[in-house]
Amino acid sequence: MGVWISAISQGLLFGIMGIGLFLTFRILDFPDMTVEGTFPFGAAVAVTAIAHGVSPIIATILAALAGMVAGLITGLLATKGHMPLLLAGILVMTALYSVNLRIMGQSNLSLLGMKNLFTGKWMNSMPPYIGSVIFGFIVVTIVVALLMVFLNTRLGQGFIAAGDNRNMARSLGINPDHMQVLGLVVGNGLIGLSGGLVAQSDGYADVSMGVGVIVIGLAAIIIGEVLFGELTLSQRLIAVVLGSIVYRFVIVIVLDLGFSADDLKLVSAVVLALSIILPQLNDRFRLKRTLRKGVSSDD
Amino acid sequence: MTNTQLELKDVAVNVVAGHEVKTLLSNINLKLDQGDFATVIGTNGAGKSTMFNAIAGDLEITHGTIHIAGQRVDRESPEKRARLIARVFQDPKMGTAPRMTVAENLALASHRGERLGLKSRALRAQMARFKAITALAPNGLDEALNKPTEELSGGQRQALSLLMATMRNPELLMLDEHTAALDPHTSQAVMELTQRIVAENHLTCLMVTHQMDDALNYGNRLIVVDAGHIVADYSGDEKQQLSRADLLQYFA
Chain A
1 MGVWISAISQ
11 GLLFGIMGIG
21 LFLTFRILDF
31 PDMTVEGTFP
41 FGAAVAVTAI
51 AHGVSPIIAT
61 ILAALAGMVA
71 GLITGLLATK
81 GHMPLLLAGI
91 LVMTALYSVN
101 LRIMGQSNLS
111 LLGMKNLFTG
121 KWMNSMPPYI
131 GSVIFGFIVV
141 TIVVALLMVF
151 LNTRLGQGFI
161 AAGDNRNMAR
171 SLGINPDHMQ
181 VLGLVVGNGL
191 IGLSGGLVAQ
201 SDGYADVSMG
211 VGVIVIGLAA
221 IIIGEVLFGE
231 LTLSQRLIAV
241 VLGSIVYRFV
251 IVIVLDLGFS
261 ADDLKLVSAV
271 VLALSIILPQ
281 LNDRFRLKRT
291 LRKGVSSDD
Chain B
1 MTNTQLELKD
11 VAVNVVAGHE
21 VKTLLSNINL
31 KLDQGDFATV
41 IGTNGAGKST
51 MFNAIAGDLE
61 ITHGTIHIAG
71 QRVDRESPEK
81 RARLIARVFQ
91 DPKMGTAPRM
101 TVAENLALAS
111 HRGERLGLKS
121 RALRAQMARF
131 KAITALAPNG
141 LDEALNKPTE
151 ELSGGQRQAL
161 SLLMATMRNP
171 ELLMLDEHTA
181 ALDPHTSQAV
191 MELTQRIVAE
201 NHLTCLMVTH
211 QMDDALNYGN
221 RLIVVDAGHI
231 VADYSGDEKQ
241 QLSRADLLQY
251 FA
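So the protein lines, in turn, are chains A and B. In terms of the UniProt record's numbering, the first sequence is residues 1 to 299. In terms of the UniProt record's numbering, the second sequence is residues 1 to 252.
If you're looking for bench data, these hints aren't it; they were derived computationally from the structure. Be careful, since some hints might not be right.
[Unchecked claim] Facing chain A, a subset of chain B residues (Cβ under 8 Å, in silico): (1) Glu76; (2) Glu79; (3) Arg99; (4) Met100; (5) Arg121; (6) Ala125; (7) Ala128.
[As the list claims (entries may be wrong)] Cβ-Cβ distance ranges computed for the label pairs, FRET-style: (8) B:Met127 / A:Pro279: 33 to 41 Å; (9) B:Asp10 / A:Leu86: 38 to 46 Å; (10) A:Leu86 / B:Pro184: 37 to 45 Å; (11) A:Val54 / B:Arg124: 39 to 47 Å.
[What the hints assert, rightly or not] Computed footprint of chain A on chain B; a stretch qualifies when at least three of its residues, placed anywhere within it, have a C-beta under 8 Å from a C-beta of chain A: (12) 84-90; (13) 110-120.
Backbone N, C-alpha and C define an ideal beta-carbon position, used for all residues, glycine too.
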């Protein structure tokens, strides 16, 4: 049972990363590779800050701010440096690897014996993982609620329009470059926050913990879309979090089947690929069935 | 007394193509007064779109000045010029956000050129107004306020683009062959809507068209562009008396 509850907790914390990625991948319509650097960046900043005696809450805020700075740099490289977004993201991601090593002073840093957001009295009074689930749920609720409010403001609508049709946005006086930077800052802020929380939950930060996180984020987004179909934009934010939890369940099942933890990156990639391919196959299959039915009813 | 809404003075646009400098527009002088509705015609490559893009800010001018409603705009970005200019494009897909609903598109357009802040979009409070505005369109747009615009027909989208462009009266309305992608019936309906909105709101309008009949039938000015120059500018009675045959000489 514990492993399933832990999966929910992890799903919620990684769901924040999925939402951050959703802002750029689905609303602004480009894949932001910065994610792979920002996630461990948030983790490194939070864990290092806690290790230096900073309060876990401040450390978590610093993780989010660090992510925002990373997103800002990617945005400026793309808009002011006229660099393709993919390349800008890859450059920042690569640079952050060294930055993270510098911050931690080593390739991984443990929080063993140190207080963090997941080790408080309240957390310890709960059955295993339940406290993490409640805490994750509260953070996710705040993030989703704030984003829902933002997306329904005039600026939020301009942000959506800029991702939908740059040309139309410009003709209405909205600068799509500014919106792109805004999306990268907010999105990476959430990813940094997610990294900071996951590191505290796991009890350590590792310089390589960002490898493959973009696949996990995309899997959360796509699983959410496949499972829940047509939704409003606000509902889609919730679907990303639920997709992230379902993804974690899939990982638990796969590990249960006897796969090793070393296989997880391969499994993540396969899960994402299947999430994209299976609905297409299903559509085709239904089409064929419908056609067959059509023929038989004529008969 | 009339106010000059658009003034192009000695405007030139040169571009570098390989090792050559190519002149796309030269010595363009044009004045539109408040309420002028000018149609612009010319062969492909004559410079109509270049002139349009120069006014809208998509293309930097090499020489001259552009004033709209008395404000010099030729060093401003297209986004900044949006406070003065509203545009409807040739491609119905270019003027609306496809995944946003008709109402959301209209709400955004009602703030054209404004700084967008963190105020609520207040969509519900505006629905009655949007319903009244879209009822002007001939193709049932008022029944589709909650539909994403990607589900609309080309004619509906173009009518929506026009309504969005004129929700806040622009100092200059620019129509770039906005009926070219529509079937003749829909094109006629959108043109009639255009005529009505321009007349009722006393808008200043510049409309590029390839349809000679539209160029003749609509507006009080007709401008002919050829090889990067304005070669004719008809107005008043002179424009009224023009025929297709008169225009054909420019396409010889």
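Comparing the hints with the structure gives:
1. A cut of 8 Å between beta carbons decides the hint on glutamate 76 of chain B: the least distance to chain A is about 11 Å, and the hint is violated.
2. Among the interface hints, the one on glutamate 79 of chain B holds; its C-beta lies about 5 Å from the nearest C-beta in chain A, closer than the 8 Å criterion.
3. Among the interface hints, the one on arginine 99 of chain B holds; its C-beta lies about 5 Å from the nearest C-beta in chain A, closer than the 8 Å criterion.
4. Look at methionine 100 of chain B: its Cβ gets to within about 6 Å of chain A, closer than 8 Å, so that hint holds up.
5. A least Cβ separation of about 5 Å between arginine 121 of chain B and chain A falls short of the 8 Å threshold, and the interface hint therefore holds.
6. Violation of the interface hint for alanine 125 of chain B is found here, the shortest Cβ-Cβ separation to chain A being roughly 13 Å, above the 8 Å cut-off.
7. Violation of the interface hint for alanine 128 of chain B is found here, the shortest Cβ-Cβ separation to chain A being roughly 19 Å, above the 8 Å cut-off.
8. Here the CB-CB span from methionine 127 of chain B to proline 279 of chain A is close to 34 Å, well matched to the stated 33 to 41 Å.
9. Separation of aspartate 10 of chain B from leucine 86 of chain A is about 43 Å and conforms to the stated range, judged on CB atoms against 38 to 46 Å.
10. Range check, leucine 86 of chain A to proline 184 of chain B: about 44 Å between beta-carbon atoms, so the 37 to 45 Å window is met.
11. Between valine 54 of chain A and arginine 124 of chain B the beta carbon distance is about 45 Å. The supplied range of 39 to 47 Å therefore holds.
12. Evaluation of the coverage hint for the region 84-90 of chain B: fulfilled, as 3 residues show C-beta separations to chain A shorter than 8 Å, against a requirement of three.
13. For the region 110-120 of chain B, the assignment as covered by chain A holds, since 9 residues bring a beta-carbon within under 8 Å of that chain's beta-carbons and 3 suffice.
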